[in-house]
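Participant: Sequence:
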Amino acid sequence: MAGVDLGRVAYVPKGVYDAGVTYNRLDVVSYLGSSWVSLINNNIGNTPTEGANWSLVAQKGNTGDKMAFADLTQAEKDELKGGKGDPFTFADFTPEQLEQLKGESAYQIWLTQPGNEGKTVEEFIASLKGNTGAPFTYDMFTPEQLEGLKGQDGVISVDAPADGKTYGRKNEGWAEVVSESDLIEIPEAVFALTTESTSNEVLNAFGGIDGFNKIKTAFEAGKKFVRTPAEGVNAMSAIPVCISFFKDPSNQTEEGLYIFDVTRSLFIMVVVFSIDLSNFSIEGKLTYQPVTSDGAGSLELTTKGDGTKALMDNGMYKKVVLFTPIATVTSLTNLPTTNYSIKATLSAVSALSFASVPAEGEEFMINIKSASSSDLAIPLPNGSSWLCSETSITIPANGHAEISVRYSHGLYWVMTKVY
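In our numbering, each residue carries its 1-based index in the sequence shown increased by 4.
Hints in this document: simulated from the structure, not taken from any laboratory. The beta-carbon is built from N, C-alpha and C at its ideal position, and this holds for glycine as well. Hints may contain errors.
[What the hints assert, rightly or not] Quick list of simulated restraints, FRET-style, between CB atoms: (1) Thr-116 <-> Lys-88: 40 to 46 Å; (2) Gly-89 <-> Asp-22: 45 to 51 Å; (3) Lys-88 <-> Thr-124: 48 to 54 Å; (4) Leu-115 <-> Gln-149: 39 to 45 Å; (5) Gly-87 <-> Ala-23: 47 to 53 Å; (6) Phe-92 <-> Ala-193: 54 to 60 Å; (7) Thr-51 <-> Thr-98: 53 to 59 Å; (8) Gly-87 <-> Thr-67: 32 to 38 Å; (9) Pro-165 <-> Ala-193: 31 to 37 Å; (10) Val-422 <-> Ser-360: 26 to 32 Å; (11) Ser-393 <-> Thr-337: 17 to 23 Å; (12) Ala-193 <-> Ser-351: 34 to 40 Å; (13) Tyr-15 <-> Thr-98: 53 to 59 Å; (14) Lys-133 <-> Lys-81: 57 to 63 Å.
Start from the sequences and build out the full structure, keeping to the hints where you can.
Facilitator: Right, dumping it as structure tokens:
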């Protein structure tokens, strides 16, 4: 059976119209923005227009409004955004870029100025120095500057004492200038103590036994004491602190060290220690009546009867602290309850206990020195009536420790420290 030639049955795109090209039936071209289809074969040189040669397929539309970045949705903007690149570093510069960045030095620019050709760097530096100005004289001060320079008027009505000491002006009078090496600072925490403070609180206020011994040694050496202000130790501005001591009414050799707090007019009994009364004297005039070694003064201890407070000159009663000799022991077992201060020298481990139940409110300071060549592991009581900060303490060979015990509310309150 013979075939039938149907010819072209679909459009054939031919691109942009070219007058020199031959187009056949159903060829489609683009012309002036519109699409045209050829209606005949051998279609050449016929500009596309509606008629026998061409037919309009798609006409060019009107130009729409330009789209701005603000017209994009956030999702569209996120799609346009690229990933974050690596930071640009100095090493990323090319040699050519570095050369372009390099500027001329001040010396090079100076050489281009008239008269500077061929001059050295030293000449350039010398050229930077200006001329010496006129001297500044007193007449050049403004009235405001002079007012700022003026100090307080001094009043010197009498000469400084001629006793061989060094004096300086203070509050229109003379004050002894003391070397800072002769000034002993009383820790500020001491002035927060009261007559109700425990011995452990007192010792901590001095910074431990070493701090207290420094004060005691300085007192015996006749040093001067100050309460340090915020600006530091200064003989002309520091608050003076007077220290004295009071002998035990029972004429024992134990003495109490007292500090007089000027701001509160309060004597603070610090601790008990021994001192030779023959070396003690009160020098100078004080603005208050101090406690003296013979028991006279503003503080009087009452030791008669069962009372626990003493009547002060101002009519107030304050708690009495009675001094007792130091107990010396070689074991922590069955300690006496008649002494506040207990000095223990241990060569072996022993358990802490008292020979009898202390009175309510009594406390004891136990200072321990190890006489052992090895560490001593001292166990602390763990019974229901004992409140210990530690279960045990380990005293190093030939080391030191202290144990503070206070009996209150029917309980033993125990604090320890190892040195």
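Participant: Each hint should be assessed against the structure and marked as holding or not.
Facilitator: We went through each hint and held it up to the structure:
1. Thr-116 <-> Lys-88: 40 to 46 Å: For Lys-88 against Thr-116, whose Cβ atoms are near 45 Å apart, the range 40 to 46 Å holds.
2. Gly-89 <-> Asp-22: 45 to 51 Å: 46 Å, holds
3. Lys-88 <-> Thr-124: 48 to 54 Å: For Thr-124 against Lys-88, whose Cβ atoms are near 51 Å apart, the range 48 to 54 Å holds.
4. Leu-115 <-> Gln-149: 39 to 45 Å: Given a distance of about 44 Å, which is inside 39 to 45 Å, the answer is holds.
5. Gly-87 <-> Ala-23: 47 to 53 Å: The hint (47 to 53 Å, Cβ to Cβ) holds, given that Gly-87 and Ala-23 are roughly 50 Å apart.
6. Phe-92 <-> Ala-193: 54 to 60 Å: 59 Å, holds
7. Thr-51 <-> Thr-98: 53 to 59 Å: 55 Å, holds
8. Gly-87 <-> Thr-67: 32 to 38 Å: This hint holds: roughly 35 Å between Cβ atoms.
9. Pro-165 <-> Ala-193: 31 to 37 Å: With Cβ atoms ~35 Å apart, the hint holds.
10. Val-422 <-> Ser-360: 26 to 32 Å: 27 Å, holds
11. Ser-393 <-> Thr-337: 17 to 23 Å: Cβ of Ser-393 to Cβ of Thr-337: about 20 Å, so the range 17 to 23 Å holds.
12. Ala-193 <-> Ser-351: 34 to 40 Å: 36 Å, holds
13. Tyr-15 <-> Thr-98: 53 to 59 Å: Hint holds: Cβ distance 54 Å, inside 53 to 59 Å.
14. Lys-133 <-> Lys-81: 57 to 63 Å: 60 Å, holds
Taken one by one, the earlier hints all hold for this structure without exception.
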